[in-house]
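Protein sequences appear in the order of chains H and P. The letter at position 2 of the first sequence is residue 2 when you use UniProt numbering, and the numbering goes up by one with no holes. The letter at position 266 of the second sequence is residue 266 when you use UniProt numbering, and the numbering goes up by one with no holes.
No lab work stands behind these hints: they were computed from the structure. Be aware that a few hints might be false.
[As the list claims (entries may be wrong)] Distance condition first, Cα-Cα at most 30 angstroms in a straight line; then the derived DSSO-like pairs of lysine-lysine: (1) P:K262 to P:K406; (2) P:K176 to P:K41; (3) P:K236 to P:K27; (4) P:K430 to P:K384; (5) P:K227 to H:K205; (6) H:K205 to P:K176; (7) P:K27 to P:K41; (8) P:K237 to H:K224; (9) P:K243 to H:K205; (10) P:K27 to P:K75; (11) P:K227 to P:K37; (12) P:K236 to H:K205; (13) P:K384 to P:K146; (14) P:K236 to P:K384; (15) P:K262 to P:K174; (16) P:K236 to H:K224; (17) P:K406 to P:K176; (18) P:K262 to P:K37; (19) P:K75 to P:K85; (20) H:K14 to H:K205; (21) P:K41 to P:K75; (22) H:K224 to P:K243; (23) P:K384 to H:K205; (24) H:K205 to P:K237; (25) P:K243 to P:K227; (26) P:K384 to P:K85; (27) P:K146 to P:K406.
[What the hints assert, rightly or not] Covered stretches of chain P, as calculated for chain H (at least 3 residues, CB under 8 angstroms): (28) 57 to 63; (29) 66 to 72; (30) 98 to 107; (31) 176 to 188; (32) 347 to 354.
Here a beta-carbon is modelled for each residue, glycine too, at the ideal position from N, C-alpha and C.
For reference, the chains in residue letters:
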Amino acid sequence: MSRKPERGTKAAPKVLDPEARRRQLRHHLDSLERDNFVALNEYEAIIATAAAAATAQGPISLTHTNLDPLGLLPPLSPAVGSIVGGVVGTVGPGAVLSPNNPGIISGGRTKKNQQLNIGAGGANSSNSNSGSNFNQTAIPTSAHGHRKPVLPRKPLNQLLDESGLVAQTFLQEQQQQDVVPNYLTANMGPSRYPQRNFCSVCGWKGVYRCNRCGMRYCDLRCQKTHNDTRCMKFTI
Amino acid sequence: MAARTLIVDNGAATIKFGFADEDTPYKTFANNITRSKAERKTFVGDQLETCKDFSGLYYRLPFEKGLLTSWDVEKQVWDRLFNGKIVPCEPSATTLLISEPILNLPNIATTYDQLVFEEYGFHSYTRMSAPQMAMYNEIPRLYGQKMTSGKKRVDCAVIVDSGYSFTHIIPFWKGKPILVGIRRINVGGKLLTNHLKEIISFRYWNMMDETYLVNEVKEACCYVSNKFWDELDICKKSPRANKILQHYVLPDYSSQQRGYVKGGSKSKQRGKKGKGPGKMDLDDIEAEINEADSEDEAYSDQGDNDSDEDMSEPNEDEQVLTMNNERFTVPEILFNPSDIGMDQAGIPEAIVDAISSCDEEIQGMLYANVVLIGGNARLPGFRKRVTNDLREIAPSEYDVRVGIDKDPFGYAWKGAKRLATMDEFASEFKNRLVTRAEYMETGSALCESRFRSAV
């Protein structure tokens with residue numbers, strides 16, 4: 001009777017699926033739009049402060065899922081950038097707005113921004129604009145007695161919604177009229193040439209891809225560096 | 001009414017401003033509020049020039065993705081500018097010529113109007129996009145030609161404005177932008193700096209907090225390559241054979257305020273010890289652009305690597321940043337945004353796409369009058385690369401000419417100055433203006449219609 005060697009209960013090596021890789025790419029592109037860098041250890045402190053403030057204000061709990069209703073944010077989230085500086089909307093979720101999906105854009109994004117607004121308003125008392133002015137068009141008077149202009153610090157997505165351009169473009173396309181060019185339609189489309197791949201470690205030609213996370217490398221040395229340092233580092 | 005005209009090119013990174021009637025060149029300062037962790041002080045706009053330590057600067061920008069969203073930040077910067085702290089400016093007796101982003105959102109545009117008239121009380125003002133300002137320059141001069149006599153402005157041109165937030169391609173016909181031909185690539189100076197920060201932080205030193213410093217490194221070391229794959233191979237060689245490799249000495253902010261490229265000859269050094277930060281070194285920029293155009297390899301202009309003595313002498317106090325293929329792969333994103341995974345075409349393709357959507361009869365003229373403006377156009381080798389790439393994909397029956405001014409950064413401002421001062425444009429300028437009285441009566445709609453239709 002032969003004894004089969006006991007198979008160790010090793011978990012299958014984690015491999016990122018294409019959806020996760022796309023998420024990672026989107027997050028990376030968003031982070032390139034940031035004004036300031038926020039380190040990971042500050043993230044927890046900020047979330048704690050914001051959560052405390054939020055619970056004081058109402059039944060909104062800033063859990064990770066609440067911050068990210070569409071499930072687009074991995075841990076090192078651009079949402080943090082918004083809360084830290086008190087500059088809500090410094091990092092807009094950098095989705096390329098397509099006129100064909102107005103519903104998704106307004107629904108998902110502004111909801112998230114709303115929650116961030118409330119959190120930030122509490123956490124940053126010096127930031128008087130975000131909490132109270134939100135969705136208001138109050139008109140205070142200035143020293144001259146003229147109407148003082150409202151100084152909104154609205155996130156870009158909200159401004160885009162309010163401009164009515166998404167709806168306007170959508171309608172014009174529906175009715176097959178000539179679309180009046182605007183900020184959204186001027187966005188350049190994709191290139192006809194294929195993507196060039198570079199090694200994520202040294203920058204030379206990235207011929208090979210990591211099996212697990214999909215980042216590129218050029219030779220064995222770079223592969224070793226990649227595995228030691230940042231394979232799968234930014235994933236849950 | 002002796003109203004002075006104040007011309008303000010209100011960009012996302014910097015404000016270029018100056019009075020139209022003065023002969024002095026425009027002045028620049030950063031359009032943001034920065035907080036220095038080291039000095040624990042906040043600097044509004046131009047106060048940054050008084051800052052001693054640029055490490056760990058925290059930025060608050062009024063612009064977000066190129067559109068003005070944070071008005072409280074912008075107002076603070078404008079307060080310093082318009083309330084006479086920087087230049088003697090009396091808003092009630094001043095005509096303001098201010099720039100706005102291309103295809104600005106209508107609700108943002110009304111806020112511009114509100115602020116200018118109701119908050120500051122300017123006498124009159126007009127708002128136009130930076131490329132429109134640039135159109136008032138003598139564009140044929142960029143190609144070594146004179147303006148056709150009798151004409152005050154070229155019939156058509158394509159302006160490529162590559163700035164901090166994004167890059168726009170705008171074809172113009174008789175001074176007005178052809179709206180269907182406008183294209184926007186979401187790659188700008190900010191993205192390039194952030195990308196460079198990430199690469200450096202991974203490969204060499206962690207500089208994720210040092211936006212200001214990495215911006216300086218980018219401006220000192222980066223260039224646009226004309227032979228991309230060849231130069232990438234050169235970078236793999238040993239330091240002796242690798243002409244592209246550069247060492248950038250990082251400043252330590254105690255003895256030295258700015259970093260510099262090691263081994264660079266004195267005239268080409270961007271930073272000199274103790275020099276005031278924030279000043280544009282126009283002579284250096286001019287020299288580099290002119291030289292880079294005439295030589296084959298743009299990278300050899302930035303610091304001679306022949307002086308071996310400098311390289312081998314290790315100075316223990318110095319922190320040295322190695323710049324190898326980052327020097328040209330970072331600006332490459334302008335030409336191929338797909339390099340970092342962005343699903344957009346680069347500048348040459350966008351130019352072709354933009355011109356193809358215009359009337360067939362003027363396409364030839366448009367290809368022959370491409371102008372590059374904006375901060376990113378200062379990268380050495382930019383013009384040559386755009387010309388080569390565009391020539392490759394443009395239809396062969398058209399001539400391709402790409403022009404760039406010695407100072408692409410201030411080209412728009414100079415165009416606006418011509419508009420405000422020269423007699424040939426006087427009636428046009430007057431037709432564009434909206435006075436405060438008119439605004440108070442009719443409101444923002446008047447501004448919108450007048451600025452859009454006027455030429």
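Agreement of K430 (chain P) and K384 (chain P) with the hint, judged by alpha carbon distance not exceeding 30 angstroms = Not OK: K430 (chain P) and K384 (chain P) at ~38 angstroms, beyond 30 angstroms, violated.
request  = Assess, step by step, whether the Cα of K227 (chain P) is no farther than 30 angstroms from the Cα of K205 (chain H), and give holds or violated.
outcome  = holds (15 angstroms)
ask   = Can the restraint linking K205 (chain H) and K237 (chain P) be considered satisfied, given a maximum Cα separation of 30 angstroms?
value = holds (14 angstroms)
query = Given the hint that K224 (chain H) pairs with K243 (chain P), does the C-alpha gap stay at or below 30 angstroms?
reply = holds (28 angstroms)
Pair hint outcome, K27 (chain P) versus K75 (chain P) [Cα-Cα no greater than 30 angstroms] = Holds, because 19 angstroms separates the two Cα atoms, which is no more than 30 angstroms.
ask   = Are the Cα positions of K262 (chain P) and K406 (chain P) separated by 30 angstroms at most?
value = holds (26 angstroms)
message = So if I understand the rule, the pair passes when the alpha-carbon distance is 30 angstroms or less; does K237 (chain P) with K224 (chain H) pass?
response = holds (21 angstroms)
Restraint check for K236 (chain P) with K27 (chain P), where alpha carbons must lie at most 30 angstroms apart = Between K236 (chain P) and K27 (chain P) the Cα gap is close to 42 angstroms, so the pair fails against 30 angstroms, i.e. violated.
ask   = Is K384 (chain P) close enough to K146 (chain P), meaning Cα to Cα at most 30 angstroms?
value = holds (22 angstroms)
request  = Measure nothing beyond the straight line between the CA atoms of K14 (chain H) and K205 (chain H); if it is 30 angstroms or shorter, mark the hint as holding.
outcome  = holds (26 angstroms)
task = For the pair supplied as a hint, K146 (chain P) and K406 (chain P), confirm whether the alpha-carbon distance does not exceed 30 angstroms.
result = holds (17 angstroms)
request  = Take the C-alpha atoms of K227 (chain P) and K37 (chain P), compute the straight-line distance between them, and say whether it is at most 30 angstroms.
outcome  = Distance ~42 angstroms between K227 (chain P) and K37 (chain P) Cα, so the pair is violated.
The structure does not agree with the numbered hints 2, 3, 4, 6, 11, 15 and 26 stated previously, though it agrees with the rest.
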